[in-house]
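*Asks:* Listed below are the residues making up each chain.
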Amino acid sequence: MVPLTHYLALSFLLFVLGVVGVLVRRNLLTVLMSIELMLNAVNLNLVAFSRQLGDLNGQIFTVFVIAVAAGEAAIGLAILISLYRLKGSVNLDDAAEMKG
Amino acid sequence: MTPALFLFWVLAAVVVIGAVGVIVMRQPVHSALFLLLSFVGVAGLFVLASAEFLAAVQILVYAGGIMVLFLFTIMLVNVRRQATESFLHRQAAVAVLFGLVFYAIVGGLLVGEAKKLASVAADPANLATVAAAGVRVAGNSQAVGWALYREYFLPFEVASVFLLVAMIGAVVLGKRTMEKVD
Chain A
1 MVPLTHYLAL SFLLFVLGVV GVLVRRNLLT VLMSIELMLN AVNLNLVAFS
51 RQLGDLNGQI FTVFVIAVAA GEAAIGLAIL ISLYRLKGSV NLDDAAEMKG
Chain B
1 MTPALFLFWV LAAVVVIGAV GVIVMRQPVH SALFLLLSFV GVAGLFVLAS
51 AEFLAAVQIL VYAGGIMVLF LFTIMLVNVR RQATESFLHR QAAVAVLFGL
101 VFYAIVGGLL VGEAKKLASV AADPANLATV AAAGVRVAGN SQAVGWALYR
151 EYFLPFEVAS VFLLVAMIGA VVLGKRTMEK VD
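Chains as they are written, first to last, in the numbering used here: chain A, 1 to 100; chain B, 1 to 182.
These are computed hints drawn from the structure, not numbers from a lab.
From a predicted model like this one, the values you see are computed outputs, not experimental measurements.
Glycine residues also receive a C-beta, built at the ideal position from the N, C-alpha and C atoms.
Treat the hints with caution; some may be incorrect.
[Said to hold, decoys possible] The list that follows gives simulated cross-link-like pairs (lysine to aspartate or glutamate, EDC-like), each with its CA atoms no further than 20 Å apart: (1) B/116 - A/55; (2) A/87 - A/97; (3) B/175 - A/72.
[Unchecked claim] Examples of chain B residues lying across from chain A (beta carbon under 7 Å, computed): (4) 46; (5) 49; (6) 54; (7) 67; (8) 68; (9) 110; (10) 144; (11) 152; (12) 154; (13) 169; (14) 170.
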């Protein structure tokens, strides 16, 4: 049996990679992909604890996280299409109207 | 090294290579394919953690649905045009440093708590039983279904309304033609 700490270390590594992806990329598409990576890391964490504690609730939560991820991807990509129509690019630096 | 542990390391390598590929690839379509690799690796880890139903859902929803959505969007927006300029943000170096520090802090906490975490191991066979009714069901899928449609029926219905709202919102955002600014 794989120890819980292995799962936690991997899921946290995946989460950090997602955070770094959000911070370093200028393309909104890859930023959205990095958010999906973070959601996957959370799912992995929930499933690992579910197995360790023998409790099914972690897996149920994961089902809902996946549902929210699907909605988030749909809305995020629709916003991206709107941004592309408005600006002609999906570069995040081009959407800087709120910059002080 | 047990077979399960060996499989874990292989799948972990697949997941991490996929995640790193998402970040470092210049073209979004390459990032999307690396993301697919990462999703498949996570599905394998779900099987290893005796969550077989979720592994199937992961493949169907992420690798099937979300990935198709991403690829369609990449085809719709013309991203090749900006291939000449830098794809990384100015703050990239600081962000990587921040990530390393963040991982070091939580990794240190994990190492400290490793013994405490290992002491709460339960029988994985519990995942195929229904806690409330004490019924022995045929497997993980049936156990998840039982819990989802009984204990979590209201959240399940709320999730379906949420998906409907997301669908309508995506259609409205996608159809609307906005005036160009500047």
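*Asks:* Run every hint past the structure and note whether it holds.
*Replies:* Going down the list of hints, with the structure as the test:
At roughly 18 Å between alpha-carbon atoms, residue 116 of chain B and residue 55 of chain A fall within 20 Å of each other, so this suggested pair holds. Simply put, residue 87 of chain A and residue 97 of chain A have alpha-carbon atoms about 11 Å apart, close enough for the 20 Å limit, and the pair holds. Under the criterion of a C-alpha separation no larger than 20 Å, the hint pairing residue 175 of chain B with residue 72 of chain A is consistent with the structure, at around 18 Å. Among the interface hints, the one on residue 46 of chain B holds; its C-beta lies about 6 Å from the nearest C-beta in chain A, closer than the 7 Å criterion.
The interface hint given for residue 49 of chain B holds, since its Cβ lies 4 Å from the closest Cβ of chain A, which is under the 7 Å cut-off. Restraint check, residue 54 of chain B versus chain A: the minimum CB separation of about 5 Å is within 7 Å; hint holds. A hinted interface residue such as residue 67 of chain B counts as satisfied when its beta carbon comes closer than 7 Å to some beta carbon of chain A; here the least separation is about 9 Å, so the hint is violated. For residue 68 of chain B, the suggested interface contact is broken, since its CB lies about 10 Å from the closest CB of chain A, more than 7 Å.
About 6 Å separates the beta-carbon of residue 110 of chain B from the nearest beta-carbon of chain A, less than 7 Å, and the hint is met. Residue-level restraint check for residue 144 of chain B holds (minimum Cβ-Cβ distance to chain A is 6 Å; threshold 7 Å). At about 5 Å, the closest approach between the beta carbon of residue 152 of chain B and any beta carbon in chain A falls short of 7 Å, and the interface hint on this residue holds. Contact between residue 154 of chain B and chain A, as hinted, is not supported at the beta carbon level, the nearest pair being about 12 Å apart and thus beyond 7 Å.
The beta carbon of residue 169 of chain B comes within 6 Å of a beta carbon in chain A, closer than 7 Å, and the hint placing it at the interface holds. Contact between residue 170 of chain B and chain A, as hinted, is supported at the beta carbon level, the nearest pair being about 4 Å apart and thus within 7 Å.
Checked against the numbered hints given earlier, this structure breaks hints 7, 8 and 12; the rest are met.
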